[in-house]
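For the record, the sequence lines run as chains R and W.
Start counting the first sequence at 1; every next residue gets the next number (our numbering).
Start counting the second sequence at 1; every next residue gets the next number (our numbering).
Hints are not guaranteed to be accurate.
Examples of chain R residues toward chain W, derived with CB under 10 Å [as the list claims (entries may be wrong)]:
id: 1; residue: GLN75
id: 2; residue: SER77
id: 3; residue: PHE78
id: 4; residue: GLU79
id: 5; residue: ILE90
id: 6; residue: VAL117
id: 7; residue: ALA188
id: 8; residue: MET217
Chain W regions said to be covered by chain R (calculated; three or more residues, Cβ under 8 Å) [what the hints assert, rightly or not]:
id: 9; stretch: 30 to 42
id: 10; stretch: 59 to 66
id: 11; stretch: 121 to 130
These are calculated hints, taken from the structure and not from any lab test.
On a predicted model such as this, the values are computed, not experimentally measured, just so you know.
Quick reminder that beta carbons are idealized off the backbone N, C-alpha and C, glycines included.
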Amino acid sequence: MDLFAFIKPKNELEQQGTEPETKKPYVPDEMWTKCPECGTLLLTTDIEENLQVCSKCNHHFRLGARKRIEIICDQDSFEEMDKDFSSVNIIDFPGYDEKLKKGMEKSGENESVICGVAKIRGIRTVVISMNAEFMMGSMGTVTGDKITRAFEYATENGLPVVAFTVSGGARMQEGILSLMQMAKTSGAVKKHSDAGLLYITVLTDPTSGGVTASFAMEGDIILAEPKALIAFAGPRVIEQTIRQELPKDFQTAEFLQDKGFVDKVVDRRYLRDTIGHLLKIHNYEEVTQ
Amino acid sequence: MSAYDKVLAARSTKKLTSMDYINNLFGDTFIELHGDRGFADDKAIVGGVGFLNEMPVTVIGLEKGRNTFERMERNFGAAHPEGYRKALRLMKQAEKFHRPILCFVDTSGAFCGIAAEERGQGHAIATNLLEMMALKTPVLSIFIGEGGSGGAIALAVADEVWMMENSVYSVISPEGCASILWKDSSKAAEAAECLKMTANDLFELGVVERILREPSADDGKMFESLKLLICRTFEKNLAIPGDELADLRYKRFRKIGAQE
Numbered sequence: 001m002d003l004f005a006f007i008k009p010k011n012e013l014e015q016q017g018t019e020p021e022t023k024k025p026y027v028p029d030e031m032w033t034k035c036p037e038c039g040t041l042l043l044t045t046d047i048e049e050n051l052q053v054c055s056k057c058n059h060h061f062r063l064g065a066r067k068r069i070e071i072i073c074d075q076d077s078f079e080e081m082d083k084d085f086s087s088v089n090i091i092d093f094p095g096y097d098e099k100l101k102k103g104m105e106k107s108g109e110n111e112s113v114i115c116g117v118a119k120i121r122g123i124r125t126v127v128i129s130m131n132a133e134f135m136m137g138s139m140g141t142v143t144g145d146k147i148t149r150a151f152e153y154a155t156e157n158g159l160p161v162v163a164f165t166v167s168g169g170a171r172m173q174e175g176i177l178s179l180m181q182m183a184k185t186s187g188a189v190k191k192h193s194d195a196g197l198l199y200i201t202v203l204t205d206p207t208s209g210g211v212t213a214s215f216a217m218e219g220d221i222i223l224a225e226p227k228a229l230i231a232f233a234g235p236r237v238i239e240q241t242i243r244q245e246l247p248k249d250f251q252t253a254e255f256l257q258d259k260g261f262v263d264k265v266v267d268r269r270y271l272r273d274t275i276g277h278l279l280k281i282h283n284y285e286e287v288t289q
Numbered sequence: 001m002s003a004y005d006k007v008l009a010a011r012s013t014k015k016l017t018s019m020d021y022i023n024n025l026f027g028d029t030f031i032e033l034h035g036d037r038g039f040a041d042d043k044a045i046v047g048g049v050g051f052l053n054e055m056p057v058t059v060i061g062l063e064k065g066r067n068t069f070e071r072m073e074r075n076f077g078a079a080h081p082e083g084y085r086k087a088l089r090l091m092k093q094a095e096k097f098h099r100p101i102l103c104f105v106d107t108s109g110a111f112c113g114i115a116a117e118e119r120g121q122g123h124a125i126a127t128n129l130l131e132m133m134a135l136k137t138p139v140l141s142i143f144i145g146e147g148g149s150g151g152a153i154a155l156a157v158a159d160e161v162w163m164m165e166n167s168v169y170s171v172i173s174p175e176g177c178a179s180i181l182w183k184d185s186s187k188a189a190e191a192a193e194c195l196k197m198t199a200n201d202l203f204e205l206g207v208v209e210r211i212l213r214e215p216s217a218d219d220g221k222m223f224e225s226l227k228l229l230i231c232r233t234f235e236k237n238l239a240i241p242g243d244e245l246a247d248l249r250y251k252r253f254r255k256i257g258a259q260e
């Protein structure tokens with residue numbers, strides 16, 4: 001897109017009463033996004049076209065759960081499961097009802113995860129996509145239950161699972177019941193695995209706590225997006241506990257790959273092909289309509 | 001006692017530790033087995049084999065230590081990944097010989113530090129959850145003090161979970177919860193109430209099967225009855241075919257928070 005298309009002629013600015021010294025491009029703010037990594041001003045539409053990746057430094061902006069499905073799955077192939085499931089304040093935790101309401105408003109979703117069946121490069125796959133906009137992707141009982149049911153569906157139907165994680169961990173407003181979801185989802189992963197089926201996880205920024213310590217780390221193949229923060233305990237908690245500075249690039253996807261906990265860091269723009277390729281290597285076949 | 005009183009009681013250094021339980025239940029039949037075969041021997045987790053009455057049992061416990069020196073050595077019961085990996089190694093060994101597994105849980109949480117992250121704390125816990133769910137041998141976990149989040153559940157994917165009356169089990173410490181939610185860790189007592197983390201709360205939520213009266217160190221009778229109770233539970237579960245037992249374990253967790 002031509003940058004100058006947005007700059008109105010000088011005389012027009014003057015007519016609007018703007019001082020001539022404001023030679024800054026006259027464009028609404030939302031049209032531009034500053035890359036937090038390299039500081040480049042990017043056209044928001046360009047970022048979107050580039051799958052929310054900075055064209056200058058490859059910084060991966062966070063991606064919504066729906067958008068994730070859109071860029072990974074074949075067009076219009078996604079069929080959602082358990083869409084209407086939504087959380088209630090099961091242990092009467094103060095303020096939780098409002099948090100849920102806000103999460104729903106902000107994300108436009110009922111929960112912190114979207115599950116369903118889709119085709120990826122023509123291959124039928126169960127897709128699990130977590131949503132940072134819903135209470136930071138925290139795992140409550142409904143989140144855990146949806147994920148469990150998605151795995152059970154995949155096991156019954158002989159389908160592979162691809163899970164995109166983004167989460168602050170277990171949802172403390174549901175107390176112990178959220179912690180139990182770590183065991184429950186792990187059990188569902190195990191049954192799927194014992195049936196000889198493939199499970200790929202894609203860790204995205206940030207994946208931490210109870211999600212890292214359960215289904216996120218249980219994939220046959222663990223991929224991660226560049227520079228994604230992947231942790232059990234978050235960096236701030238560690239700094240407070242040990243009172244020392246953390247090494248550079250600590251807990252990034254690249255760091256975890258170096259330490260042997262991530263199979264491959266994959267640029268978002270190659271993710272769809274990589275996943276499709278891995279599915280084919282595991283003998284899953286394309287389905288013709 | 002308020003919920004926070006229970007938390008403080010659970011943390012009390014006067015409390016019996018896993019080693020106390022192991023010594024009282026197994027006596028000199030206990031043989032400790034060390035190491036994860038990959039990196040090191042994590043002293044925050046003790047494990048080994050012994051006889052419970054006549055029954056061979058694998059026993060694993062998160063151990064805080066009984067005096068200052070021990071507590072330092074055992075990292076106050078906060079395990080590193082190799083601790084959880086050692087526990088899993090011993091559990092798989094127990095499964096091979098169809099021996100029941102007894103776990104004691106007492107930890108403020110899995111250790112958070114640079115080394116723990118570098119060696120995959122999340123991965124170690126995740127692997128335990130996944131593998132424990134499928135163990136074809138009986139598993140019983142008893143909470144004897146603190147049950148801190150992921151570090152506790154990594155030894156508590158069991159057929160039954162029992163809690164001492166003054167033990168707690170929570171997704172987050174009340175201090176952590178208060179400081180995240182209300183930016184004020186001094187509201188821990190309030191958070192402890194909200195989190196529903198006492199043995200009674202958890203029993204009501206259907207997360208634990210049994211609340212036990214706590215033995216004191218010299219209470220031989222109490223330990224005898226505890227031994228009997230554990231043996232009966234293991235005998236009952238040993239009679240169930242391994243696959244079926246693992247399936248029952250999955251169903252035990254599967255129903256928590258099930259929507260339909």
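Results for each hint:
Interface hint at R/GLN75: violated, since its Cβ lies 30 Å from the closest Cβ of chain W, which is beyond the 10 Å cut-off. Look at R/SER77: its Cβ only gets to about 25 Å from chain W, farther than 10 Å, so that hint breaks. Taking 10 Å as the C-beta cut-off, the interface hint given for R/PHE78 is violated, the closest approach to chain W being about 21 Å. Restraint check, R/GLU79 versus chain W: the minimum CB separation of about 18 Å is more than 10 Å; hint violated.
Interface hint at R/ILE90: satisfied, since its Cβ lies 8 Å from the closest Cβ of chain W, which is below the 10 Å cut-off. A cut of 10 Å between beta carbons decides the hint on R/VAL117: the least distance to chain W is about 18 Å, and the hint is violated. Taken as an interface hint, R/ALA188 checks out: its beta carbon lies about 8 Å from the nearest beta carbon of chain W, inside 10 Å. Annotation: interface hint on R/MET217 holds; nearest CB of chain W at approximately 4 Å, less than 10 Å.
As drawn, the stretch 30 to 42 of chain W meets chain R at 0 residues by the rule of a beta-carbon pair under 8 Å; below three, the given contact is violated. Check on the stretch 59 to 66 of chain W: 0 of its residues sit with their Cβ under 8 Å from a Cβ of chain R, so the three-residue criterion for coverage is violated. Coverage of the stretch 121 to 130 of chain W by chain R holds. Counting CB-CB distances below 8 Å, 8 residues qualify, and the rule asks for three or more.
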